[in-house]
Each structure stands twice: as structure tokens, then as C-alpha cells.
Amino acid sequence: MSQEILHPNHQFMEQLEATGPFQAGACFQCRKCTNGCPVTFAMDLYPDEVIRMVIIGQRETVLRCRTIWVCAACETCTTRCPNEVKIAELMDSLKEMAIQEGVPSPQPQILAFHETFLNNVKKRGRVFETTLLPTYMFRSGELRRKWNAREWKYDVTLGLQMFYKGRFALFPKTIKGKKEVSTILSHPKQGKNPQ
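Residue 22 is where the sequence shown starts when you use my numbering, and the numbers rise one by one after that.
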């Protein structure tokens, strides 16, 4: 069995840090992030492994892994990190980088939800659940699957019950600063550090 020798390439980490900073280089692999993460059961790489691969420049492996897509962004990892590595933000940045570079997601339904959610917030300044779920179901193919399996009746019944109980509205509420929210989400680099 032969093993490939890895030659660290720090350009990937430097490119990511320019959008952060996330302080990935401060990680000393204590694994507190991984030990506290509630979704490691669904990950192909643990959070500490993703950070390590970022540090040594394994760009393709990181951008193609399932981990960046299943991360719940609960920030447990970030809170537990003794070196204040911003792991949850790093995962979001990796996700955006994968989208920009056209790397196919191993979790297409999560990508569909991610894009649907962000577009919903960009358009209205906040989430409007009444259009979020149907749009996601259409984009992900879930609507077609439920229609063919005749499972759509349950969703319609549940939706009507929620509407009658006042759980969602027919029209979105307006907010101040809707344009600013859209700008931040359209230009995340500028949104983090407004000039």
C-alpha cells in the first residue's frame, strides 16, 4: 500500500482568512469542536478534520465534503473552541465558496434550501415562511415526489391548520432596511465590514 505525501499549500487558508478572519491557523486539534457537535453523525469529515484540511490546503476535498452542507451553524463548535476559531463561520464561507466555484453539492436538498432561504431573506429582508416551504419543495424536487406519492394532502391539511391558528400569514410583514439586508446578502464581503 502506497501513501501520498502531502505538501502543505497555505494559499487556500490565506484566501479563506481574507474573507474572515476565522483564525483557522490557531487550531491545535483539541477536538472540542467535534466532541460538542450535534450533527457529526451525518458528516463525512469531522469539524477538526475540515480545519486541518483547510490548513494544509486540501481545497478539493474540503469543498466536496458533505460536512460543510450538514453543519447546522449552531455555533457550539465556535463557543467551545479554546482558541476562538470561528468554525461555524468558516463552514458558511466554505459553502459559499463551493457555490461560487460550481462545485456540486453532495447534499442537493440542503443546497436547495440554502439558496431558497437566502433568496427569501434577500427579497423581503426577513424570512417569509408562507413562500419559503413551497419554493424549497419545488426547487428540491420534493414537491414532485410528494405529488407522485400522493403525500401532498397531508402538507395541505397541515398548512391550512397552521393558517387558521395564525402560525403564518398570507402577506409578508415589511421591515425597515430591506435594501440594506439585500445588499449585505448579495455582497457578503462588503456586508461583514461595511465601509
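I should point out that these hints are in silico values taken from the structure, not numbers from a laboratory. Among these hints, one or two may not hold up.
[Unchecked claim] Lysine-lysine pairs mimicking BS3-like chemistry, simulated, CA-CA at most 30 Å apart:
1. Lys197 / Lys143
2. Lys186 / Lys144
3. Lys197 / Lys144
4. Lys143 / Lys194
5. Lys199 / Lys144
[Said to hold, decoys possible] Derived DEER-like restraints, expressed as beta-carbon distance ranges:
6. Gln130 / Pro59: 15 to 21 Å
7. Pro129 / Glu172: 15 to 21 Å
8. Lys199 / Trp173: 20 to 26 Å
9. Glu81 / Glu201: 19 to 25 Å
10. His31 / Leu181: 32 to 38 Å
11. Thr82 / Gly46: 33 to 39 Å
12. Arg101 / Ala190: 48 to 54 Å
13. Phe138 / Gln24: 39 to 45 Å
14. Leu191 / Ala170: 45 to 51 Å
Predicted, not measured: the structure shown is a model, and the values here were computed from it. Quick reminder that beta carbons are idealized off the backbone N, C-alpha and C, glycines included.
Point to revise | Hints violated by the structure (numbers, ascending) | key: 8, 9, 10, 11, 12 and 14
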